[in-house]
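Q: Assemble chains B, C and D onto chain A, guided by the hints.
Protein chains: 4
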Amino acid sequence: MDQTVQQQLTDCILACNHCFDACLKEEHVGHMANCIRLDRDCADICSLLLQAIARNSSNVAVLAKACQEICEACAAECSKHDHDHCQACAKACTECAEACRQLI
Amino acid sequence: MDQTVQQQLTDCILACNHCFDACLKEEHVGHMANCIRLDRDCADICSLLLQAIARNSSNVAVLAKACQEICEACAAECSKHDHDHCQACAKACTECAEACRQLI
Amino acid sequence: MDQTVQQQLTDCILACNHCFDACLKEEHVGHMANCIRLDRDCADICSLLLQAIARNSSNVAVLAKACQEICEACAAECSKHDHDHCQACAKACTECAEACRQLI
Amino acid sequence: MDQTVQQQLTDCILACNHCFDACLKEEHVGHMANCIRLDRDCADICSLLLQAIARNSSNVAVLAKACQEICEACAAECSKHDHDHCQACAKACTECAEACRQLI
Chain A
63 MDQTVQQQLT DCILACNHCF DACLKEEHVG HMANCIRLDR DCADICSLLL QAIARNSSNV
123 AVLAKACQEI CEACAAECSK HDHDHCQACA KACTECAEAC RQLI
Chain B
63 MDQTVQQQLT DCILACNHCF DACLKEEHVG HMANCIRLDR DCADICSLLL QAIARNSSNV
123 AVLAKACQEI CEACAAECSK HDHDHCQACA KACTECAEAC RQLI
Chain C
63 MDQTVQQQLT DCILACNHCF DACLKEEHVG HMANCIRLDR DCADICSLLL QAIARNSSNV
123 AVLAKACQEI CEACAAECSK HDHDHCQACA KACTECAEAC RQLI
Chain D
63 MDQTVQQQLT DCILACNHCF DACLKEEHVG HMANCIRLDR DCADICSLLL QAIARNSSNV
123 AVLAKACQEI CEACAAECSK HDHDHCQACA KACTECAEAC RQLI
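Protein chains in written order, with the working numbering: chain A, 63 to 166; chain B, 63 to 166; chain C, 63 to 166; chain D, 63 to 166.
Just chain A, with the same shape it has in the complex (with noise of 0.2 angstroms):
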């Protein structure tokens, strides 16, 4: 299980900073403020996560709560815009949190 885990982890990390970078570009950055706030959020809690699974941390599940609270709030935002990145991006957040759900 935790091979999958850390394969959406990974994922979910990639998709965020490239939601990041490409909402930069957009035309209108200002509506994308929050998602921009929240790809960023979401990448460095994922980070911290897979580096504490593969160190067999005692504060997976902790980690691992506020991990998909904040991968749900990436997904809700970026569900909103109509980007190829921001629909990746949301993608990929739902099946971190929902991996996270079973480390918890």
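Hints may contain errors.
Since copy identity is lost for identical chains, a pair holds within one copy or between any two.
Heads up, simulated DSS-like pairs for lysine-lysine below, C-alpha to C-alpha not over 27 angstroms straight-line [stated by the list, open to error]:
hint, residue 1, residue 2
1, K153, K142
2, K153, K127
3, K142, K87
It is worth saying that the hints were derived from the structure and are not from the lab.
A: For chains B, C and D alone, coordinates are given in the frame of chain A:
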């Protein structure tokens, strides 16, 4: 209030890293393994929360909840050891956990 | 000396995150895209270096070199903008870059 | 190319955290202190670089230079130890250092 929280998070980051370093120099490093692990977990979530507060992230409460729990776990472990660095770290973590509680 | 470096790194982390937040609230966010990107890069490398110094890492000089360059890039971008948050961030980054230079 | 670099960075992050965990479970933890320190440094700079690449940061080359040097230091230390986790980590770090060199 934020300024105090930010100072306590910074103090906790520094105390945890100092304790990590000092534990690895102790004669009986094996006894300090859990302390070394928790010092790392605690410094990393404090760093994330410090940054999140400073940019008015919408995820401050979620991260503060995780940070509080990890600070408490680190304080509980460090307080078992008589080394000055462990006692100082336990104190910093306890105060930081209390500060986090006010952000939730 | 380390205490001053640590204070300048902390100031830079906070200034970069504050600037990131404030840039995303500006009327013309599109003009601030590079600033938003560099604020994030800069805060993250400063956070890594702050922790590395506090645990006597053998990689302080390597990280300080990277941190100096990223602080200088962020200062150069921020100094182009008249916003108070950009000017404050440019100042914090310039002082932090100077502090990093002494660690190399 | 980027996809390969990202895979090698991810492999290195996981190998370093796995080695960190396993070193702390070894009978003679004191002998592994430098390994534990370098595993942490290495995983953290790899995480930063992985994210920077994914968002087309202008600081990829600067971070890749630091990452290469830290990967090489971690590989040099890990290769001194016969434990499987150290040998696996040394291999992942060596390959990651080579990948970083191509980004500079």
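Q: Each hint needs a verdict: does it hold in this structure or not?
A: Do the hints match the structure? See the list:
1. K153 / K142: within (12 angstroms within a copy, 37 angstroms between copies)
2. K153 / K127: Both, since 19 angstroms and 26 angstroms are each at most 27 angstroms.
3. K142 / K87: both (18 angstroms within a copy, 19 angstroms between copies)
Hint violations for this structure: none, all hints satisfied.
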